[in-house]
Amino acid sequence: MSDKDAFMTRLGFVTAAMGQAIGTGNIWRFPRVATANGGGPFMVAYVIAVFVWAVPLLMAEMSLGMHTRKGSVGAFRDFMGKKYTWMGGWHAFVCLALGAYYSVTMGWAIKYFVLSITTLRPGVDTELVWNSFISSPWQGIFYHAISVAIAAVVVFRGVNKGIELASKLMIPTLFVLLIIAMIRALTLPGATGGLNYLFNPDFSKLLNGRVWLEAFTQAAWSTGAGWGFMTAYAAYSREKEDIACNAFIVGLSDTSAALLAGMTVIPTIYALAPENLYEAIGAGNTGLTFIWLARLLPTMPAGTLVSALFFLAMTFAAVTSLYAMYEVGIKSYFIDAGWSRRKAASVVVALCFLGGLPSAINVEFLNNQDQVWGVGLLVSGLFVAIAMMKYGVEKVRKEIINPVSELYVGKWWNWCILCFPAMFTIVCGWWTYQQFTWYPATWWNPFETYSPGTMFLQWALVIVIFMLFNNTLAKAIINNDEVVKGEVMGESIKGGARS
Amino acid sequence: MSTGSLITMIVILGLVWGGALYFMNVAFSSERKKAQTK
Numbered sequence: 001m002s003d004k005d006a007f008m009t010r011l012g013f014v015t016a017a018m019g020q021a022i023g024t025g026n027i028w029r030f031p032r033v034a035t036a037n038g039g040g041p042f043m044v045a046y047v048i049a050v051f052v053w054a055v056p057l058l059m060a061e062m063s064l065g066m067h068t069r070k071g072s073v074g075a076f077r078d079f080m081g082k083k084y085t086w087m088g089g090w091h092a093f094v095c096l097a098l099g100a101y102y103s104v105t106m107g108w109a110i111k112y113f114v115l116s117i118t119t120l121r122p123g124v125d126t127e128l129v130w131n132s133f134i135s136s137p138w139q140g141i142f143y144h145a146i147s148v149a150i151a152a153v154v155v156f157r158g159v160n161k162g163i164e165l166a167s168k169l170m171i172p173t174l175f176v177l178l179i180i181a182m183i184r185a186l187t188l189p190g191a192t193g194g195l196n197y198l199f200n201p202d203f204s205k206l207l208n209g210r211v212w213l214e215a216f217t218q219a220a221w222s223t224g225a226g227w228g229f230m231t232a233y234a235a236y237s238r239e240k241e242d243i244a245c246n247a248f249i250v251g252l253s254d255t256s257a258a259l260l261a262g263m264t265v266i267p268t269i270y271a272l273a274p275e276n277l278y279e280a281i282g283a284g285n286t287g288l289t290f291i292w293l294a295r296l297l298p299t300m301p302a303g304t305l306v307s308a309l310f311f312l313a314m315t316f317a318a319v320t321s322l323y324a325m326y327e328v329g330i331k332s333y334f335i336d337a338g339w340s341r342r343k344a345a346s347v348v349v350a351l352c353f354l355g356g357l358p359s360a361i362n363v364e365f366l367n368n369q370d371q372v373w374g375v376g377l378l379v380s381g382l383f384v385a386i387a388m389m390k391y392g393v394e395k396v397r398k399e400i401i402n403p404v405s406e407l408y409v410g411k412w413w414n415w416c417i418l419c420f421p422a423m424f425t426i427v428c429g430w431w432t433y434q435q436f437t438w439y440p441a442t443w444w445n446p447f448e449t450y451s452p453g454t455m456f457l458q459w460a461l462v463i464v465i466f467m468l469f470n471n472t473l474a475k476a477i478i479n480n481d482e483v484v485k486g487e488v489m490g491e492s493i494k495g496g497a498r499s
Numbered sequence: 001m002s003t004g005s006l007i008t009m010i011v012i013l014g015l016v017w018g019g020a021l022y023f024m025n026v027a028f029s030s031e032r033k034k035a036q037t038k
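Protein sequences appear in the order of chains A and B.
If you count the first sequence from 1, position 57 lands on 57 in our numbering, and the numbers rise without skipping.
If you count the second sequence from 1, position 1 lands on 1 in our numbering, and the numbers rise without skipping.
For the record, the hints were derived by calculation from the structure and aren't laboratory data.
A couple of the hints might just be wrong.
As the list claims (entries may be wrong) - No farther apart than 16 Å at their CA atoms in a straight line, the calculated lysine to aspartate or glutamate pairs in the EDC-like style are these: (1) B:Lys-33 / A:Glu-406; (2) A:Lys-390 / A:Glu-406; (3) A:Lys-240 / B:Glu-31; (4) A:Lys-240 / A:Glu-406; (5) B:Lys-34 / A:Glu-394; (6) A:Lys-240 / A:Glu-399; (7) A:Lys-411 / A:Glu-394; (8) B:Lys-34 / A:Glu-406.
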């Protein structure tokens, strides 16, 4: 039996899990949203969100994967019953839909890594550079293709020699790069003033509901909780991989990376252009990163090097999430159905490349997909919580989580999962309400980039298709008792032999 | 940097970075023990 399709060490599993969580959102969204929402109060709300939303959901997802040894589709089928297989179909689809355009954003990071070495110098009009890049379809496609190719190499090599090895190399490197960038930023004259904004102790803002909603949404998106990554990775884990401790490591290391990025980005802007701080954080993810930081980083001493390291860190953060997204599709739809890794990876990589082309050509399409499937991830998280409730939260805690965990998980976990639908309703409801306010007259229009109409239409299409093909999907996934058992259960899937 | 911001930063970083290092220590010391008993 090949060892390609299983994590062989805990370090490999943990770094891969950290890699799926740490993405571009930690670097370009967290610092911006944290500062815009009061700094200190946002941090408090965010840490609470990590403990009551993200960590419990990560544990739930790992339980799904470890108990069933399957990706999302098979996991939902075996955990909840055949008629709920469509939920797994949705779960994996949302991840692949994100993967399709995520490679485009990774391509932007690669492009800016190259530009930071060759072009980005003090005085360069970064707005012009960004606008000319983003309006060039061929450049978008070229860097999208490079990103897809890098992630493809990893997934083609399998779990042990691809994902595990790449994560073991890239995650420590990413932290080293972020630490170097943070030290450089904090040693700029006046930079510590930026920390006043990031850790502003005006806790009266905790009474503002928006701060909590932004914190919970950021935690849900950033940690990868409910996305399907941990279900797929747990299916490949060693037989008695720890659930509780690993979930805390993922949640807290993701937040650590976000804090490192925050302590780099905000002090840099404050030190180099204090009068433009709010203009920069109000410029959105791309405006902050590719216009403001691209302009300011080269102006500091050793700026070319810092700029290159920053965009390289961003590229590493993106690629460790991108191959995790591909793996969710590879495992859930194909390997669990008995396909070989090579064939499964070829199909998923090709589909994601083609699916990402419209986003590479037109940034408005990317924004639309980001909105639709970004909020769709919250629905995926809800499905995981429902799966736990259907199986029995107490049963999951007692029979799946605690027997393999070094830390005892108390009944607080049950409460977090049981309260999840209420938390989901508030957070998702708030996002949807916001969308209605953006398009008061045309909210129903599916061709508006951020309208509720486009979101609900695309969700409905996917859900209806998976519901129609529910039985086909359920039958396609091989049962565990049909699979030849290996020493490590995750390895056995590769055999894919029907009895 | 104001005292309030400094205290907030120390508490948040202590909780998040300290927490991450604590759980990593729990995880990998357990792995070391397992390896020694084998």
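Outcome of the hint check:
1. B:Lys-33 / A:Glu-406: holds, 12 Å
2. A:Lys-390 / A:Glu-406: With a Cα-Cα distance of about 26 Å, the restraint between Lys-390 of chain A and Glu-406 of chain A is violated, given a limit of 16 Å.
3. A:Lys-240 / B:Glu-31: Holds, at roughly 12 Å.
4. A:Lys-240 / A:Glu-406: Given that 16 Å is the threshold and the Cα spacing comes to 11 Å, the pair holds.
5. B:Lys-34 / A:Glu-394: Cα-Cα ~28 Å, so violated.
6. A:Lys-240 / A:Glu-399: holds, 12 Å
7. A:Lys-411 / A:Glu-394: holds, 8 Å
8. B:Lys-34 / A:Glu-406: It holds: about 12 Å lies between the C-alpha atoms, which stays within 16 Å.
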